[in-house]
Structure formats: structure tokens, C-alpha cells
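Undergrad: Chain by chain, the residues:
Protein chains: 2
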Amino acid sequence: MQDIMQATGLQKGGIYRHFGTKEELAHEAFDYAWRETIQARLKNLDSVPNSVDRLKQFIANFVEVRSPVPGGCPLLNTAVEADDGNAVLRKRALLALRGWRNTLAAIVQKGIDRHEIAKATQPETVATIVIASLEGALMMSRLERNGDHLLTVQKHLNAYLESSVRV
Amino acid sequence: MQDIMQATGLQKGGIYRHFGTKEELAHEAFDYAWRETIQARLKNLDSVPNSVDRLKQFIANFVEVRSPVPGGCPLLNTAVEADDGNAVLRKRALLALRGWRNTLAAIVQKGIDRHEIAKATQPETVATIVIASLEGALMMSRLERNGDHLLTVQKHLNAYLESSVRV
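The listed protein sequences derive, respectively, from chains A and B. Note that the working numbering has the first sequence beginning at 1, numbered continuously upward. Note that the working numbering has the second sequence beginning at 1, numbered continuously upward.
One chain only, chain A, in its complex shape (with noise of 0.2 angstroms):
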């Protein structure tokens, strides 16, 4: 509370007022702060026609954009200190987990329908592989304070996208 009072320039009550209770201001905060995320993930993906490539410009985007709200990925986070604590907030990053998969293999899936994706593919376990890899490999960005194994990591997929997923 402390924190969100000198962040926001706001005494208790006038959070209050907006808020009713501490735990709806952390959900709206994790939705914000996902939004915003995933937003920036997404950015010019559009634009992209090749599925392959699409997915390969989501990576770049993760690997290379900071992150639009300080403090690294909201779902790692979030999935990590709600782990056994604040059941609502853990369900908030439990969906949003889910949404993100689900925008990740569907392009899979339209590249199987355009034929540009391995028929056999499976898009589900893309999405998998894509988002462990990145998540796994930004805690450890996190912690050596450089980008280095975003960047191995990104290699990586980028090789695994065009000698397992590609046709």
C-alpha cells in the first residue's frame, strides 16, 4: 500500500475511493500491466504475412522490446508470488497464460491451414516450447542483468521454427 501511494501521489482514502479493497486494486493492476504486455508482444505481428515468420517476429519482440511496465513479464511474476498465496490473482495469471497460448497457436494453426506449417504440427506444443523458453530464459536475463540468454534462447527457436515447424 505504501508503494502504490507514493507511485500514484495519492493519499490511502483517495486510493480507496477508486478501489474497493486492496486485492481488487492488485487484480486491476495485473490486468493493466498484462494488457500492456502482451500489447507490446504483439506489436507490428500484422504486418508479418508468413506464419513461421509471425512467430519468429513474436520472439524478436520479447527478446528485444523492454517490457512497457517495469519489473520484468507481470505473469511470471504474479504466476510465481500468488503461487500459494492470493487464489483470484493466481486464477488472473492462470488465464492469462491461457490467452496467451491460445494467440500463439493460432497462428500455428493458420499456418497449417495455409500450408506454410508442417501438417503433423502440433500448435498447442509450439505455443508451449515458445513461451517456456522465453519466460524461463528472462528470469535468468533477470538475474545476470544482461540479455544474453534472451538472445541464445532466441537462436534457438528460431532454429527449432524453421527445422520442425516450417515446411
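Errors might be hidden in some of the hints.
No distinction is drawn between identical chains; accordingly, a pair holds when it is met within one copy or between any pair of copies.
Mimicking DSSO-like on lysine-lysine, the simulated pairs with C-alpha atoms at most 30 angstroms apart in a straight line are [said to hold, decoys possible]:
no.	residue 1	residue 2
1	K155	K91
2	K56	K43
3	K56	K119
4	K110	K56
5	K110	K43
6	K110	K155
7	K22	K56
8	K56	K155
9	K155	K119
10	K56	K91
11	K91	K43
12	K91	K12
13	K12	K155
14	K43	K119
None of these hints come from the bench; they were simulated from the model.
We have chain A; now place chain B onto it with these hints.
TA: Relative to the frame of chain A, chain B by itself:
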């Protein structure tokens, strides 16, 4: 502090008799949890002669063996929670990450020396890819409360080791 008192059954005075400060206690708790965790992940590795199979056994340990300490991976948890907080705890997590990477990289280097692993392979790259994928999948699996993402990533990593790492 309340949690620790409940978990240990000790009074505050009893805890401070063993640890100078709450910070010192947190550091010792992290070191203990990490030691237990890495031991479980390295279990039975020495009995696997081939280096690539040894990496696969490591991945299987990570995926299949339940963590000996509750709450998931101490490294992931501490990396996220100490990200912009406790600098000393953050440093311990960083050293844990580097030690883990060195352990995996050493297995790869041994494999190169023994001609089990392709000469052009970069040991640190393999280590980063394995750690990033597993940690990210663990975060996802803990959110979903099932092991599906971990199994998906295990399959992906095994395919990568067979196609790009083994000679």
C-alpha cells in the same frame, strides 16, 4: 517470521539464537533449499555413462522427481521475489544459477572430449537452453497444477539433444 515460528515450533528468541538476523535466516534457508533441490536433480547421474544420456537423465529428474522442498524451484522463486528487493539473496540466486549452468556445461564438455557430442557444440548454450526451457515450463505447470507443460518441454529438449547435440 510468523511462518517460520509456526513451521519450526520455535519462539522468536529461539530462532534468533541460531540466526543473527531475519536476512541471515533467509539466506541459509535458500542455500539449504537449493542444495536439496540440486541434489535431487543430479540423482543417479553418475551411473549414466554417455554424456547425452546423462543430460536426458537430468531433464527426466527435473520433470519427474517432485521437489524435495515445497513451493517449486527455490531458484525461480528467489530470482523473481528478490528481483528488486533483497540484494544479498538475489546474489545467492545468481550464484546458484551459474553453478547449475557450469554443472550442465561440464557434462557437455566431457561429451565433446569423448566424441559423444558434436565438436561445434557450445556447452554454455546447451546449458542455457535446458535451464530456460525447464524453468519456464515449471512456472507454467505450477500455474496449471499439472505436469503437461513439463512433459512437452522434456520431449522437445530430448529431440533437440538427439538432433543437434549428439554426434
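Undergrad: Against each hint, give a clear statement of whether it holds in the structure.
TA: Now for the hints, and whether the structure bears them out:
no.: 1; hint: K155 <-> K91; result: between (32 angstroms within a copy, 27 angstroms between copies)
no.: 2; hint: K56 <-> K43; result: within (12 angstroms within a copy, 37 angstroms between copies)
no.: 3; hint: K56 <-> K119; result: both (19 angstroms within a copy, 28 angstroms between copies)
no.: 4; hint: K110 <-> K56; result: within (15 angstroms within a copy, 33 angstroms between copies)
no.: 5; hint: K110 <-> K43; result: within (18 angstroms within a copy, 43 angstroms between copies)
no.: 6; hint: K110 <-> K155; result: both (23 angstroms within a copy, 24 angstroms between copies)
no.: 7; hint: K22 <-> K56; result: neither (39 angstroms within a copy, 45 angstroms between copies)
no.: 8; hint: K56 <-> K155; result: both (10 angstroms within a copy, 21 angstroms between copies)
no.: 9; hint: K155 <-> K119; result: both (24 angstroms within a copy, 19 angstroms between copies)
no.: 10; hint: K56 <-> K91; result: within (29 angstroms within a copy, 33 angstroms between copies)
no.: 11; hint: K91 <-> K43; result: within (26 angstroms within a copy, 34 angstroms between copies)
no.: 12; hint: K91 <-> K12; result: within (27 angstroms within a copy, 34 angstroms between copies)
no.: 13; hint: K12 <-> K155; result: neither (47 angstroms within a copy, 50 angstroms between copies)
no.: 14; hint: K43 <-> K119; result: within (27 angstroms within a copy, 39 angstroms between copies)
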